[in-house]
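**Student:** Next come the chains, spelled out residue by residue.
There are 2 protein chains.
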Amino acid sequence: MKHYTLLLVAGLTTAGLVALMAPTRGHADGEPAAPYVTEIPQGYREWKWISSAHEAGNLNSLGALLGNDVAFNAFRDGKLPYPDGSILAALHYRNVPSDENNKIFGQVQSFVPGAPTNIQFMVKDSKKYAATGGWGFGHFADGKPGAAAFMKSCFPCHEKAQATDLVFTRYAP
Amino acid sequence: MKHYTLLLVAGLTTAGLVALMAPTRGHADGEPAAPYVTEIPQGYREWKWISSAHEAGNLNSLGALLGNDVAFNAFRDGKLPYPDGSILAALHYRNVPSDENNKIFGQVQSFVPGAPTNIQFMVKDSKKYAATGGWGFGHFADGKPGAAAFMKSCFPCHEKAQATDLVFTRYAP
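Residue numbers (the working numbering), protein chains in the order written: chain A, 5 to 177; chain B, 5 to 177.
Hints in this document: simulated from the structure, not taken from any laboratory.
Heads up, a few of these hints could be off.
You can't tell identical chains apart in this list, so a pair holds if it fits in one copy or across any two.
Dumping the calculated DSSO-like pairs for lysine-lysine here, alpha-carbon to alpha-carbon at most 27 Å [as the list claims (entries may be wrong)]:
(1) Lys107 x Lys132
(2) Lys164 x Lys52
(3) Lys148 x Lys52
(4) Lys148 x Lys83
With the rest of the complex left out, here is chain A (with noise of 0.2 Å):
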């Protein structure tokens, strides 16, 4: 555990430290490229429960998010915006029905998660994502991060959500 914990924390050092030596790449538009969180922040699963969320449509999810200490409390006491170490995770999973619940029940009433689709996070540094809102944004599926061409799209959507530091969940009290 311990051995594991060393590895990825000098994961993340070394990916820093890239980070900040390598030259800004420019894109085919011409824009530098934004960073995004390329590792899964530790012990999210832990985390404590902010809100839970379905989607309907094509996306059919339901799914949870979760922060950790410092977005919790600052959710739960309404504070805006949020602190620097603030780190939420949206856990997504496909939205199905539960056999057995439902059989119990005696009808179709009951959807819980499916399969895991994808993990986001949103990780407020303002000052290594001062150039999307303070917010770095990660996507992860199968352990996997995002695409940078896909990784693009984060914030030109959360950035709608102004009133409320780009983030779009309400604590459920």
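Starting from the known structure of chain A, arrange chain B on it as the hints suggest.
**Tutor:** Same frame as chain A, but now just chain B:
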């Protein structure tokens, strides 16, 4: 805060003593009353997330199951039956569309927790709750516990989930 905590602990202790001292009262049908959970467990809102669920139909509910550390660890590790000390909290809310999210997405797709409806608890104590499978059931709306007659309906339904120690919810990985 300290004052409030002490009051609450005193309240719980008094309730415990009263429960120990009071003679078992017979019901109209002659059955002794099985004990149920009459005090909201402290700190439940900061427990860990086990899963989310949406109940359609008349319930029209969206919520989450949280667990204290004993319960969460057992869920995560697939340990059955749940050890004494496990406590589960099911937080239920109206399932409502999010107008602000849908405006941004350009379609009605996003459903989120609306007004809280009730919080339900399951407390594992194989001695205290021996009459109901080792679980004490609790139901609170507006902070008030469910009536004894209502509470009698919990165990007969949960008893159907024998294979998972009377718990319907599965861990979302």
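**Student:** None of the hints should be skipped; say for each whether it holds.
**Tutor:** Here's how the hints hold up against the structure:
1. Lys107 x Lys132: Neither. Shortest intra-copy (51 Å) and inter-copy (30 Å) distances fail the 27 Å Cα cut-off.
2. Lys164 x Lys52: within (26 Å within a copy, 30 Å between copies)
3. Lys148 x Lys52: both (24 Å within a copy, 25 Å between copies)
4. Lys148 x Lys83: Intra 32 Å, inter 29 Å, cutoff 27 Å: neither.
Hint compliance for this structure: hints 1, 4 are broken, all remaining hints hold.
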